[in-house]
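Protein chains in written order, with full-length UniProt numbering: chain Y, 1 to 326; chain F, 1 to 357.
No lab work stands behind these hints, which were simulated from the structure alone.
Take the hints with a grain of salt, since some may be wrong.
What the hints assert, rightly or not - If the Cβ cut is set under 8 angstroms, some of the chain F residues that face chain Y in the computed set are: (1) 73; (2) 74; (3) 122; (4) 124; (5) 239; (6) 274; (7) 277; (8) 283.
Glycine included, C-beta positions come from ideal geometry on N, C-alpha and C.
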Amino acid sequence: MKAPLVEIQDLVVRFKGDRTVHAINGLDLTLQQGETLALLGESGSGKSVTLKTLLALLPPKRSEVEGGIAVNGTDVRKLKGKALQKYRGGEVSMVFQDPGLALDPVYTVGAQISEAVMRHKGVSRDEAMSTALDMLRRVRIPSPERRLKNYPHELSGGMRQRVMIALALACRPRLLLADEPTTALDATVQIQILLLLRELQREFGMGVIFVTHDIGVAVEVSERIAVMYAGQIVEEGTTSEIINNPRHPYTQGLLAANLHDVARGERLNAIPGAPPPLEERPTACSFAPRCPIAGPECRASLPDFVTLAPRRRVACFRALEAAAAE
Amino acid sequence: MSMTDTLHDTAAQTAEGLPDKGGPAQPLLIVKDMQKYFPVRGGIFGRTQAMVQAVDGVSFEVKKGETLGIVGESGCGKSTTARLLIGLTEKDSGEIIFDGQGVGDSLNLRDLRRGVQMVFQDSYASLNPRLTIEESIAFGARVQGLSDPIGRAHSLMERVGLAPERFAQRYPHEVSGGQRQRINIARALAMSPRLVVLDEAVSALDKSVEAQVLNLLADLREEFGLTYIFISHDLNVVRYISDRILVMYLGEVVEVGPVVSIWEDQAHPYTRSLFSAMPSMDPENRTKTPPLTGDPPNPINPPSGCRFHTRCRFVDTVCKEKAPALRELPGRGGHCAACHLHDPDSGHDKAGREDIW
Ligand SMILES: Nc1ncnc2c1ncn2[C@@H]1O[C@H](COP(=O)(O)OP(=O)(O)O)[C@@H](O)[C@H]1O
Ligand SMILES: Nc1ncnc2c1ncn2[C@@H]1O[C@H](COP(=O)(O)OP(=O)(O)O)[C@@H](O)[C@H]1O
Ligand code: SF4
Ligand SMILES: [Mg+2]
Ligand SMILES: [Mg+2]
Chain Y
1 MKAPLVEIQD LVVRFKGDRT VHAINGLDLT LQQGETLALL GESGSGKSVT
51 LKTLLALLPP KRSEVEGGIA VNGTDVRKLK GKALQKYRGG EVSMVFQDPG
101 LALDPVYTVG AQISEAVMRH KGVSRDEAMS TALDMLRRVR IPSPERRLKN
151 YPHELSGGMR QRVMIALALA CRPRLLLADE PTTALDATVQ IQILLLLREL
201 QREFGMGVIF VTHDIGVAVE VSERIAVMYA GQIVEEGTTS EIINNPRHPY
251 TQGLLAANLH DVARGERLNA IPGAPPPLEE RPTACSFAPR CPIAGPECRA
301 SLPDFVTLAP RRRVACFRAL EAAAAE
Chain F
1 MSMTDTLHDT AAQTAEGLPD KGGPAQPLLI VKDMQKYFPV RGGIFGRTQA
51 MVQAVDGVSF EVKKGETLGI VGESGCGKST TARLLIGLTE KDSGEIIFDG
101 QGVGDSLNLR DLRRGVQMVF QDSYASLNPR LTIEESIAFG ARVQGLSDPI
151 GRAHSLMERV GLAPERFAQR YPHEVSGGQR QRINIARALA MSPRLVVLDE
201 AVSALDKSVE AQVLNLLADL REEFGLTYIF ISHDLNVVRY ISDRILVMYL
251 GEVVEVGPVV SIWEDQAHPY TRSLFSAMPS MDPENRTKTP PLTGDPPNPI
301 NPPSGCRFHT RCRFVDTVCK EKAPALRELP GRGGHCAACH LHDPDSGHDK
351 AGREDIW
């Protein structure tokens, strides 16, 4: 197998301040070249922090990071100065829920995209502008020549999202990090953007990590899913393995709560309680207090990953038992 | 549970709230031709430049004990409709009849607000940060002069799953989003309402917490004989909780009907697109083409005729010229749609054809 595009080993992220937040607690993740992985989890589970760590975007004074993060063989934690700038936006880029985080309100769309292309690719202004135009076409913006001269506020919500994607992909990154880029969009616009991302991924052959709390969205964009809970990955597999045969009780609960095929009026099998506060580093299964099948061992120590098949893993003491009982 | 049980409960539970006046056959709420335009000001003198047609000729009914779901994309007028219902926004025109009494003539706004309560999406903004949870819940009951506000607050806290001994003295910022939404629900119920309008009330919650709150809402509906208007952009949630669904597009009702009938066969091309835009849950069968292109148009200058005609794949000349009326579809249990395709006399060249879908 080729060297993986992303390799995260035993990542730990803590935030210091009035109170300590143990945001990421021993996370391992591998993404192969050209793969699309959804990081699926509820708010506070550490999805955004994982992406920020990959881009070295965490506030250095307030955060402590441990573990290994390599992208395309580069040790991200060692990157500084020029090399870091080249990495961000060149090798790896990111799209957000709020395009305001990526787009500058005082520059036209064309100026922003061409500026990024000139900076990373060292081409002339004219050449960069024609790349910008080509990108607007690829993200299917109608009348792209005219749109190059627009400011971000002159565009509709769905259009701004497309421009942000054009900007992120203009330098042909190998890795795209997407942090809930469709969450604020209406359903009919969301599906357009999801299918667009799927197509561009295929066309450009880049790796994608797509963060979402919505299982349906994960199904539409990704071939693999890693489920996060309390700063850890609790289960990983192909999208169809996770959807059709979830092994972790948390994943099973999430799927049941999706209401997709629940009969009307039937009582929901809701996961009780709420995620843990993350004030301490977990020493047992973080899901145990809410888990319907938790036993004493779950409350006593951290579950290791059980590997069910190649690249199919579950962090649960009872995953094998539960599987055998079926 | 049958409708009669619900109605029976209603009679018992509303002892301190508004009494049931019209009897079981009288819809709890009738809305007729409601309209609200907002001025858009601009220029140096702040003069009105245009009007946002937020709600334009909306009519519907809500029966006693039923849950009406309202869906549609952002900006289509769902929240404005809700706010008009409880008088938070003043309507330009139209009629609201609550249990047989016209709001504004035989029923004043104060009495209406006793009968209708609202729960919003932003659980934080609707709570006073300086009041303890107990005080927040007791507040409305105090204002209304109901007996034993603190006792009421405690029993409601118990009922929504917030142990009074743990939570009564806490402040809103000291609890989670799901717990805050339970407080908002308890606060609404403290007024003994008959109708609760839930505007994206579970939308900000995580899925696992959303399921808990939906269970709670279903229990409370049964226990207190409540009637709900449930506004959400999430079709799965709306299907789960509603008896009937109303679909809005650019300030108008385009389709309304029993949830089963709409789920099986969406009559309006917009509703159909909305349903096809739902992400697939089957990895082997992902969505192949988006049902619509572009964003919804601006409600400031909505398209002529059928407001959906600029995005509709069945558009014909008549659609651009004439606005279709909401018509009942024969044999569909009160399922109505506003589309020329369903009016054999509309002049649409595909009107009445079944094979085009
Ligand atoms: N800059 C920060 N300072 C302190 N805590 C933070 C910071 N960023 C994130 N956190 C905390 O880390 C945890 C994980 O956050 P995040 O990755 O944003 O979750 P999500 O899965 O919703 O994206 C949360 O408890 C959050 O409050
Ligand atoms: N107070 C207001 N002033 C001006 N425009 C408003 C106001 N409230 C709502 N609108 C506009 O009315 C339209 C409908 O809004 P709303 O009812 O909030 O839609 P929804 O809840 O379906 O998203 C939108 O275009 C919105 O911008
Ligand atoms: S009236 Fe015409 S434009 Fe409107 S939805 Fe029906 S077919 Fe489409
Ligand atoms: Mg996040
Ligand atoms: Mg709204």
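Hints, verified against the model:
1. Residue-level restraint check for residue 73(F) holds (minimum Cβ-Cβ distance to chain Y is 4 angstroms; threshold 8 angstroms).
2. The criterion of a C-beta within 8 angstroms of any C-beta in chain Y is met by residue 74(F), whose closest approach is roughly 6 angstroms, and the hint holds.
3. Here the hint on residue 122(F) is broken, as its CB sits about 14 angstroms from the closest CB of chain Y, past 8 angstroms.
4. Interface restraint check: residue 124(F) against chain Y, minimum CB-CB distance 14 angstroms, threshold 8 angstroms, status violated.
5. The restraint placing residue 239(F) at the interface with chain Y holds, with a minimum CB-CB distance near 7 angstroms, inside the 8 angstroms limit.
6. The criterion of a C-beta within 8 angstroms of any C-beta in chain Y is met by residue 274(F), whose closest approach is roughly 6 angstroms, and the hint holds.
7. The criterion of a C-beta within 8 angstroms of any C-beta in chain Y is met by residue 277(F), whose closest approach is roughly 4 angstroms, and the hint holds.
8. Taking 8 angstroms as the C-beta contact cut-off toward chain Y, the hint placing residue 283(F) at the interface holds, the least distance being around 4 angstroms.
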